[in-house]
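Student: Now for the letters of each chain:
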Amino acid sequence: MSLNEVELLAAGADLLAREAAYLDERRWDEWVALFAPDCVYWVPTWTAEGTLTTNPQTELSLMYFAGRGGLEDRIVRIRSGRSPAALPLPRTTHMVGNILPLEKPNSERIRLRSSWTCNAFFPLMNSSHTFFGRAEYELALRGGVWSIAKKKTILENDRIPMPIDIYCL
Amino acid sequence: MGVLSARSYVDDRPADGVFRVHRDVYSDPELFELEMKYIFERTWNFLTVETQIAKPNDYITTFIGRTPVVVMRDAKGNIGAFLNSCRHKGATVCRFEKGNAKFHVCLYHGWAYDASGKNVSIKQRESADYPAAFDAENHDLIPIAKLASYKGLIFGSLSPDVPPLEEHLGDLKFFIDLHMEQGAQGMEIIPGRVAYTYRGNWKMQLENGQDPYHVDTAHGSFMAIAERRRKGQGNTAAQEQDWQKRNNVQIGAYEFPHGHTSVWHDVAEPERRAVYASLDEIKSRVGPLKAEWMVRMRNAVFFPNLQIADQIVPILRTFRPISVGVTELRSNVIGPIGEAPEKRAARLRQFEDFVNPGGYATPDDITVFADCQVGFGATGVDFLQGYSRGIGASQQGANEEAIEAGLHPVSSVKGHRTQNTETGTHAPFREWVRLMEAGMAGRKAYP
Ligand code: FES
Ligand SMILES: [Fe+2]
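Chains as they are written, first to last, in the numbering used here: chain A, 44 to 212; chain B, -15 to 431.
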């Protein structure tokens, strides 16, 4: 791996770590700003035990937003103070690891996969739940900064016992 | 402890304008046991949709109450439904949610069944020294007592003593038609499924669909988002109704026999409904009356386990009681077979936005259900007061809209949107009392 590639992957890993940290620290505006305005944010469903949906235009997703507006909506909701599901807001800790390149990175595009867990404590129910899965990212260099152009999140434990939101994924 | 008579949990005195439900109905584990026995196991339950098992040897697993059931199409294409439990030692024979298999081999000792439920192999039978009495027994999967379909929806009963399905559905057929006749070539469940549990009694979701009163409080954040979207901000792809305009329309509810019910309301912006673009085609096929009703928002309940709702887009949502305080929900979005790609995508966005466990409505609903379940811990305060809105506008039999639609409800209610009638909850509770009473008295469920 060239020095340049190592640097690119480090930049990618840094972005993934910040994405997780901003969610945990509730730095919502900074979190949204990590995504490109025309980003795709996709959480497919499972069609049965072992198969994921592959096309969000013809099959059901847990979440699918074409554009950052969909993420902004979620933040409006969190901040509205009018959503019972987010009162009080669950406390979360994300761990992101096993970051590997999906292709040779270049100075315009980095594609990565990661594994993640999110431990969420729901004060209302006095109980914790671990959401876990993996994710695929496409990062793009926009105006000199790396942004998330595409994120596909796979939720492995999809029999969901708690309401889910962007901060659980 | 010990349970009281079924009637004592539902204070139902129409002459006095009283309808109250005791909170134990949601929280007493003994009542829950009786509900499984006397309701879920003694009446028709919704199982699945025919398009889910379209090909020979397709199968899907589900539950009637707590009873595991597998619905299969055999090699010849006939649909059967069986207890999903091996005749040998009881293990589930089909362990997957769905699939296609000519043979089902039990993973415990290897007994095998074909797609018609017939036992085709008992491992090492020849050397077993089985007695003649064993050979004389039937070893096939046990079929459930009754199985029937209406408009592609498959229903089953563990008890043989139930009325014929169509008689049991009665006027609920009209509301099923409004769902299943939207597509010229029929309707299908769109692939992908969401399954989630909430910490509350199964009747809370059943009632929630009949509860327009909660929408502007529990879903207040959603209205703020919808408002923003109208200014072009946020996820505008998920076209939503204008929740303000929505407040000026008419609302109504019908009570039907056998616990079925439906609330409806008119829409201020019909052009935002998924069905709108196909309305001309639909009118030519099913007539203007049904087409008009398809545009109306509807939320019907097939008692006890299915919500047939079209608040945003048509959905089928099943409730599966796990315990007195835990319920599993499965929501399916249905769409016309052969739907144009851009319409299919728009339908999906609307469903995900509102109905998903990560959408804008459901997480709030299931959180407040959990709040209620905690609140039911307050004992000694007897009856709840959430069933009275709209009683003052209730009339026996059919009202104008019902007569026009050829419906024969037990009672009808109509009013301004903010009447937010709660009378849609009455039919399920009246049937709850009837079935529980019959069960406790040792009578048949259907005389
Ligand atoms: S339990 Fe099925 S073969 Fe023994
Ligand atoms: Fe709701």
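Watch out, some of these pointers could steer you wrong.
[Claimed, not checked] Facing chain B, a subset of chain A residues (Cβ under 8 Å, in silico): (1) Asp81; (2) Thr88; (3) Val119.
Think of the hints as simulated: they come from the structure by calculation, not from any bench. Think of the CB as a built atom: it goes at the ideal place given N, C-alpha and C, for glycine as much as any other residue.
Student: All hints, please: hold or fail.
Tutor: Hint-by-hint comparison with the structure:
The interface hint given for Asp81 (chain A) is violated, since its Cβ lies 13 Å from the closest Cβ of chain B, which is over the 8 Å cut-off. Of the supplied interface hints, the one on Thr88 (chain A) holds, with its beta-carbon coming within about 4 Å of a beta-carbon of chain B, less than 8 Å. The closest approach between the C-beta of Val119 (chain A) and any C-beta of chain B is roughly 6 Å, which is under the 8 Å cut-off, so the hint is satisfied.
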